Structure formats: structure tokens, C-alpha cells
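Chains B, C and D with the ligands: place on chain A using the hints.
Residue numbers (my numbering), protein chains in the order written: chain A, 814 to 1222; chain B, 814 to 1222; chain C, 572 to 722; chain D, 572 to 722.
In case anyone wonders, no lab produced these hints; they're calculated from the structure.
Here the structure is a predicted model, which means the values were calculated and not measured.
DEER-style ranges, computed between Cβ atoms:
(1) C:A574 - B:G883: 20 to 30 Å
(2) B:G883 - C:S573: 22 to 32 Å
(3) D:E667 - A:A1143: 56 to 66 Å
(4) D:S634 - B:G1009: 35 to 45 Å
(5) A:K890 - B:A999: 43 to 53 Å
(6) C:K663 - A:D1106: 50 to 60 Å
Below 30 Å or equal to it, Euclidean Cα-Cα: the simulated DSS-like pairs (lysine-lysine) are:
(7) B:K923 - A:K947
(8) C:K663 - B:K890
(9) A:K1060 - D:K663
(10) A:K947 - B:K1060
(11) C:K651 - C:K663
(12) B:K834 - B:K1130
(13) B:K923 - A:K1060
(14) D:K627 - D:K709
Yeah, the Cβ is synthetic: ideal placement off N, Cα and C, and Gly gets one too.
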Amino acid sequence: MPAWPDVRADFPILHQQVNGKPLVYLDSAATAQKPRAVIDALVRYYERDNSNVHRGLHALSMRATDAYEGARTRVAKFIHAADPAEVIFTRGTTESINLVAHSWGRAHLKPGDVVLATEMEHHSNLVPWQQAAKASGATLRYVPVLGANAEGGLDLAALDRLLTPSVKLFAFTHISNTLGTVNPAAELCRRARAVGAVTVVDAAQSVGHVPLDVQALGCDFLAFSGHKMCGPTGIGVLYGRRALLDKLAPDETGGGMVVSVDYEGASWKPAPERLEAGTPDIAGAIGLGVACDYLEGLDRAAIARHDSGLARLAYEKLSTLPNIRLLGPADARSGLVSFAFPDVHAHDVVTFADEDGIALRGGHHCNQPLMRKLGLTSTTRASFYVYNQPGEIDALVSSLQRTLKFFRG
Amino acid sequence: MPAWPDVRADFPILHQQVNGKPLVYLDSAATAQKPRAVIDALVRYYERDNSNVHRGLHALSMRATDAYEGARTRVAKFIHAADPAEVIFTRGTTESINLVAHSWGRAHLKPGDVVLATEMEHHSNLVPWQQAAKASGATLRYVPVLGANAEGGLDLAALDRLLTPSVKLFAFTHISNTLGTVNPAAELCRRARAVGAVTVVDAAQSVGHVPLDVQALGCDFLAFSGHKMCGPTGIGVLYGRRALLDKLAPDETGGGMVVSVDYEGASWKPAPERLEAGTPDIAGAIGLGVACDYLEGLDRAAIARHDSGLARLAYEKLSTLPNIRLLGPADARSGLVSFAFPDVHAHDVVTFADEDGIALRGGHHCNQPLMRKLGLTSTTRASFYVYNQPGEIDALVSSLQRTLKFFRG
Amino acid sequence: MSADLTELYQQVILDHNRRPRNRGRLPTANRVAHGDNPSCGDQCDVFLQLDGDRIKDISFDGSGCAISQASASLMTTQLKGKTAAEAEALYKKFHEIVTTGKEPEEISDLAAFAGVHTFPARIKCATLGWHAALNALKGDAAPATTESHTD
Amino acid sequence: MSADLTELYQQVILDHNRRPRNRGRLPTANRVAHGDNPSCGDQCDVFLQLDGDRIKDISFDGSGCAISQASASLMTTQLKGKTAAEAEALYKKFHEIVTTGKEPEEISDLAAFAGVHTFPARIKCATLGWHAALNALKGDAAPATTESHTD
Ligand SMILES: Cc1ncc(COP(=O)(O)O)c(C=O)c1O
Ligand SMILES: Cc1ncc(COP(=O)(O)O)c(C=O)c1O
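In isolation and in its complexed conformation, chain A is listed as follows (with noise of 0.2 Å):
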């Protein structure tokens, strides 16, 4: 493991006992804990600045405005885009998709037409393009994943062959939240758009973990949440390319993003106004940007290896347990690990753990689709984030052999 500060201190939820253990909080893929720093200001907003925005005259309206358009430059630099208006604030990445399969599929998507996505997509970046191809008659196509456990990642031997001049819209996910395999996603959108599709980055489980660059992707959207990468929860993002956003309908409209409203109709204002109907989630925008100087503080990429490294680790320890199955590659992961095991179900595992104080997430991690191809029906997944420590692994690997014991006798 590489070295790594002790950065607890920071997230003051993580000192306390859960069930008499010191809590180990081994579930950061599905949200992760708050540093002080994302608390304080969301508390000095409401204390000082809280006000709506754009349309306001007064101090505090302008300094809300200042503090919510600073946190879209923020964001912005964050993800290397290249014009804030590119960043749109959503409530989180299922609704940044959501709106791309609303106002890009319904503008673009007709029969014949090809959407393809992969075989381990978050069921946010799936069944939206389920219902977008239904809607439009367009055809949905999945990339496969290799290996009985999914080891191999992506076939990209078979997206060749998928990638023909009818696909569209080719979206997939950055990093896989249940395997950990990180996609080649500069790659991936470098073969898309040479048939000329648009291509979908889902981003939840990479923008906080490892640093990211939309313009050394390629990728014309790409898709977070805030509440995954130490932001506030209800606000995310949808970055769009600003050739693509300017052309894009709203999806919701309302207060805010048009230009002239009389009882016939309505003009919009351009991105990123039009795509941010009503009032927006102003606190969450400022506490997402005070997250992004969180992180960069940190340094995204010792980020990166650090989480990897203790997923790494895990994985190691984890493969020592008689019977277990490790699901994803062994090696280049991200921050996460999934196992299961055929006669201890994963919510029994987890009732035990918590047992421990130990935090971990079992189920079908809205991969429902991909399980069924495993021949499973849940795993038990363990992942890291920057407050976590090599002595949380052991803590678990001993939490595990305890509840075998248990069940198997």
C-alpha cells in the first residue's frame, strides 16, 4: 500500500460505534461519508447566504447566485471541461441520464436505429434506454462481459462487430459498481464516435476515485452524482459537450429557463439555464463544489491508488476464504470487491458484519441483469474510499470467517 495520510479526522461520522464495534464503513460505492469541510458549507450558506437565485437584486441573492455559478466553475475545472455551461446540475445521475434518453433520444432515436450499451450496466443507465428505444423503436444491444465471473471486463472483440453506422447512442459505465472493472473509456468513445455515435459516460462510480478529463475522454455526456464522491446528497451532474447542450429541448421546463413566456408559448434561455428548470438545489451545488476542492486537495490520483491498492489488498485476503467467489478482475480495479458465497446468502453476511460495526452493502446492486448472467442473485461488496485504512480489511476478513463458522458449522 502506498503511503496515505490519515484522513478520518475529517469525517466526523465515522467516529462512533456501531453495535459496540468503532464503525468500519465499507459502503462508500453506494454514497460516501461527508468531510467537515462539505458540512461547514452547507451550514454557512444557510447561515449567511441563503437566497434564491439568478432573479435577485439583493445581497443575499447575488451572493447565492455568485456561490451556486462559482460551484458550476468549480465543477466545471473538476471535470477539465471546457465552459462551465456545460455542466448542468441535476439531482444525481440517474436523472442526468434519464434526461439525456429523454430530450437527445427523442430528438434522435428512430426505427432502425441501433442504441447499444453493456452487459454490466447500473440498472440508472439501462432501463432508461430500455424505455428510450421502446419509445422511439429503436433496437437496444448489449457489449458482453468475459469470464464466469466477469473477469475479463468488456468484449471488445464483440463491439467491434456491434458498432455499426446504425448506433446511435453507445452508453456505458465508466467504472462498474458491482464488478470494479474500469472500462477503457477513452477508448470506447474513441470506436463510437468513428461510426459517428454519441456516446454516454456513466461516471458514479469513477469521478470521485479517479481524476477525470471530458475532453481527453471524448465523450459527448457524462453522468455523476455528488453524493457518491463526498458531495451533498440530491444534487449530481450532467456534462454535456456545448455543441450538443445548445441543441438539446428541455425536458423540464418552468421558472428560470426561458426567455419570453407569453399564454401561447415559451422561448428558452441556452444552456446550462434551459436544462435546470425551477429552483434549483442551491446548497447542494456549493456543497458538490466545496467536495471537488475537497478531493483535489487530496490529490485524485494518490486517490486512485490508494483505493485501488486497498481493493487490491481485499481481494488478496478475501481469495484465502474456503468457497468464496470473487467476482471482476483481480487486478486492475477500482476501489471496490464483490464476492459471494454458494451456501452463506449475502444478507446474512451482512447482518453479521454490521454485527462487527462493519458497513458493507449485499444484494443485486442494481445490476439485476448482470447477476442473472453470473448465475447469482446477490454478492456482498466491500468499498473504499479515502478514510478508509489496510487494518479495516483484516477487521473484515475476521468478521467473515466468524459468520462461515457459523452457518457452514
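Using the frame of chain A, we list chains B, C and D with the ligands on its own:
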């Protein structure tokens, strides 16, 4: 003015100077300030319980789920919904109304149908219906407002003529954010139901100000925003009668709202989950629940008396200013007053008031068509809430006198 | 192991989990229903051989945690021979046990599930099989889900 | 009145606001463009009589705050006789003045708008008329809006 406790101590933001003067916040119709209790609830959540909901079995996740669902139950009680499942968490009023316009509109509206709105709707309860009508081939009609200054409220005689059996949906605001008019919502719902029309009530300006009982109103859908009722930004509610919600197709799809997904298709959970795709704004919902507690603790009938008492007082005192045009009814009004001068523009008024530490809103208040009908492009609005005091109205009047003197010489 | 956990994973439950009774497709079934626990992906099919109003034979199949498997298994042993109304009544009692922890004297093995009530997230596990069985009795073709709001 | 506010509402501005120059529809106009400030509903029409590349005559009409009205009025006095390129260059300077507060010596009355820069929300007011004028010069039929991201 009825007796009223000074609750300013509950609101940290109010105790500051703006431009060297004590802040007088008269912009609560845009967004309300937050009591300490709500801010503390957010901090407590992030410092103790933060976790993703619904799919977790560990201690934090169970606590977060309980708190989130507890907030749903709390909000349901606050509006007297028959069942917590009738409360859908959204980003705010705008998203709530769009959800109905999209999901209900797509399923039910067809050419020849009429959607009825009123001339006093906020853009957020107007543009979505324009879009729904355009998409379906239905016609959008408006109930007129009466009087040169809209002091007569809705034209109820015209409503009789307009409410034909072709009207499939009637969307109207409970309280106008520009006029302060309080519409007879129960009466409007009763009349709409008589012709079989579904009702959508925009309660953005009412739910935090007056006691509200969706069952007594007899509405089908009702929308509001947390941020206008002492809650956090980024959270709001769509109330829907169970019978309608159960048939409502989801607009957004993704994690958390599905029963079963395979590569071909998906099936949905019942409401409310079906209509809440993705990770919700957990902290926001919890904060909104606490805002309900706070307002209930002040006695909602008393809040209504306080707010409208201040507005009537302001109306009276403002009417002494030379050449002022006051909008909306003189009497039965909610907690706001909108006014205009023929020779001094709202923006200049707001900038001068800000100089005196007074926060006002100037502009079209997302009410462009109504403004145009009244021969205005903008008004200045003072809006009141639980923390305002009669003395602040005197400060407002003196500030306006100085402004008029400056411009009029 | 804590008292709560020992109470949850009682010997009866572990036993039914390890050696489920009446597991597999019932060849003589004339009713079948499918249950889903959407929050975790657990599934349960219940097969009934109904003779008029009476459950002549019953089996289950599916996958899930120890609690859901043991509950479905134990349920089959309790429902065999019961009428639809009796099954309904028994579920009411079972539901009371898992949600309140109260153990009515007259019910024997079902009381093993009283420990569930301190783990509210697991109530859905314990009731999955029951939901499917009641749906099968009603002849309801729609898959049962534990996401109903009566749980 | 604070120094900032005195600086914002300079005498020149108040004067143009009270007695706007070149206000109303220009009968000889061969170009017209409409400007919107969507954040407040202010509107401004600019009418041009173009002679080749040169602004032979100009007027404005619309409604808005003192800053936007005075700015449009003053603009018309400055643009009369200018070529499109000169107008463009003048707007660049004006934009610099209202966003930075810098007052280049060679520009006389426009410098009255230097006070705007301490009120960033009012920059859109000051530039509304200019946006419309530049659009009219380009012959751009789309309404100008101050919501572009170069503001
Ligand atoms: C009457 C009315 N309806 C709708 C809205 C829109 O609410 P939000 O911006 O929170 O979505 C508002 C407030 O802006 C309002 O006053
Ligand atoms: C890969 C991936 N995509 C999408 C999502 C959905 O994110 P959210 O629930 O924040 O919308 C998640 C997290 O749940 C995820 O891990």
C-alpha cells in the same frame, strides 16, 4: 396585528448586517430562511446516519431509511394525506408539476381535450401544460383574472363556461406568488371534479403559510417546494391521490424503482418508489420533515394570520405612497404585496432598498403573461413570513420614500 | 454473538435453512405464484395443490437469505392441510410475530421468527414466501412483491 | 446614499433615464432587433437606418430600469455615424468598463457606467441595448438575450 412570538432567534441568517444595516428579509416568497432546527437536522444526518437508503441492511443504512421514510410520513401528515405512499419526493414544485404533465399527460391527453389553467400561473405551472398540450394535440385555455390590477381574482363566472366535459385537467395555483390572491381551492376542485377533470394544485406559496388538508381540498395532485417552507433547497413534493398514483407510469427510470430487470425490460414497484428513480435527496427530505415540525410548532393557523396581517398592513402603508400601483386584492390576501411605480423601475427600487439592508424581489416573478396583461413588465414584491415584524414594514416604507425622492427629485 | 443475533438466527431457522422442507416444484400443483423482494433480488415460487378450498400439498423454490429460505420452508409445513381462510389467519399471526416480536402461545415453530422484529429490514425476507403463497391461494397471477405498504 | 450607489446612479445616467434620447420607432429604419433580459423581463428594440456599413440613424424603444434605459439612450448618441466595426469596438470598451470599472480616457460619457461593475447583477441591464444593436447590425433575426455566457 395579532400577537406573535418573536421567532427571529431561531433563524441564524437574520442576525447580520447588509450594507451596514440590519438585514430586513422580505423575499420569502422566493425562498424562505431556515430555522436552526432544520440546519441542525442536516448536520446531524451527515454526522451520524448518512448512508444510502432502501437497499442496505447495515446500521447506518437502516437509520437513513427510517429517517427518510419517517420524513415521508411526517410530510403526509402535514398535508393530511391519507397515506404516506401518496407523497413523492421531487426537487421542487417545478419538477412535481412536470412529472404530472409528462406521466399523466402522455397517458391521458389527446386531440380535442382541453387543459385548463389560469392567467395567474407561475411559469412552472404554465409552460409544462403548454408543452403537454403541444405534445398531445390538446388545447390549453385560461381562466381570466379580473380587474385592472387583478384585484378581482379569478373570474369564476368564466370558469363555469370554461369547465366543459372536454376539460381533462385543471391546473391552478392555490396562492398567487405575484398577486397574493388566495384562490378558493376546494371550490375549484369541486367544480373541476363535477366535469370529471383531474386537478393539479400549485401549493408552492400556500403549504408553508396556511393550514392545508389535501383531502378537504379534494385535489388529485398537489405540488410544493421545501425551500419555500423553511426546508432545504433541492427537495419538494408531489402529492397524488393513491388511485391516480398507482396508475401513473414513471417518467424517470433507474435504480430503486424497479422490481425486476432483465436485458429486455423491467417492471416497476408501486408508488412512491416507482416515481423516485435513483438515490433521492435523503438529507433534503429529512430536513423538510423537520421544517414541518417547526411550522406545526408555531401553529399554522397563527402563521396564516401573521403573514396575511403583515401583508394587509404593508398594503395599507404602501398605498400612501404617491403614484403607487398595488396589485391583487386589498383584503383577503396572503403574505405578500406586489407594487409598481410608473416612473421608477422595480430594479432600481430593489437596488436602493438593498442599500438599506432590505431584501426585495423585482421583476416578472415568473409571471410574464400576467404582467403583460396588466400592462407591466415588472413589479417589486415584498413577501412576509414567520420571522417578519411590523417594524420592518416601516423600514420598507421609509426606504421607498427615499428612493422615490431620488428619482422624482 | 449478540443476543439479538442469536434470537434472529435461532436453531429452528438454521435447521430449515440447511435442510429446507418441501423444496422444489410440486408435480401435482394446480396453483403457482412468484414472489420478489425487489430491494435485494430474492425470489420465491410457491406451488399449491388445492383441493377445493384446502391446501392438499405445497412446495416452494427460490433463493434468498437464511431468514427467507427458512421462513418459506417452515411455512410449507404449517400450511399443508389448511384452508385458504386458515392460511390467511395464520399469516396475520405470523406478521404480528415478525413485526412486534410478540409470541402467541398457541403457535409453536413460527415463534422462532420473533427475533426478526429487531431487524426491520429483514421483515421482507421473512414474509416473502408468505406473500407468494397468499397470492397463489387467491389465484393472483401478478407476482407478489414485498414492497406493498402493508408490510 | 453610499458611494457605490452614487457611482452607479451618476448624473449622466439619471439624465438619460429621465429624458431618453432617440427613443421610439425610427420611421426610416431598415434594420431592427429585439433584446430580452430574461432574468427580469426587460426588453429593448433597436432600430437602425444603415447606409452601407454605416449607422446613419438609430433609435431604441423598450422598458427597463434606469441603468438599461440610460445605457440604451446613451448608446444611440454614441453609435450614430459609426460603422459596424467601430460599433463593435466601442461595445468591447463599454463591456470592459461595466465589468471592470476601468475608465479609458478617450471615452467620455460611457465612463458614467463604470459604477455598474460593483453591481454585477446589473451588468445585464447596462448591456441589453448594446446586445440588440449588435444583433441588428449583424442582421440577426434571433432576439438578443443577455443570457449569453460572454456577459
Ligand atoms: C406559485 C409558484 N409556483 C411554482 C413555483 C416554482 O417553485 P420551484 O422554483 O421551487 O420549483 C414558485 C416559486 O418560484 C411559485 O411561487
Ligand atoms: C455505476 C452507477 N451508475 C448509476 C448509479 C446511480 O446513481 P444515483 O442513484 O446517485 O442516481 C450508481 C449508484 O447507485 C452507480 O453505481
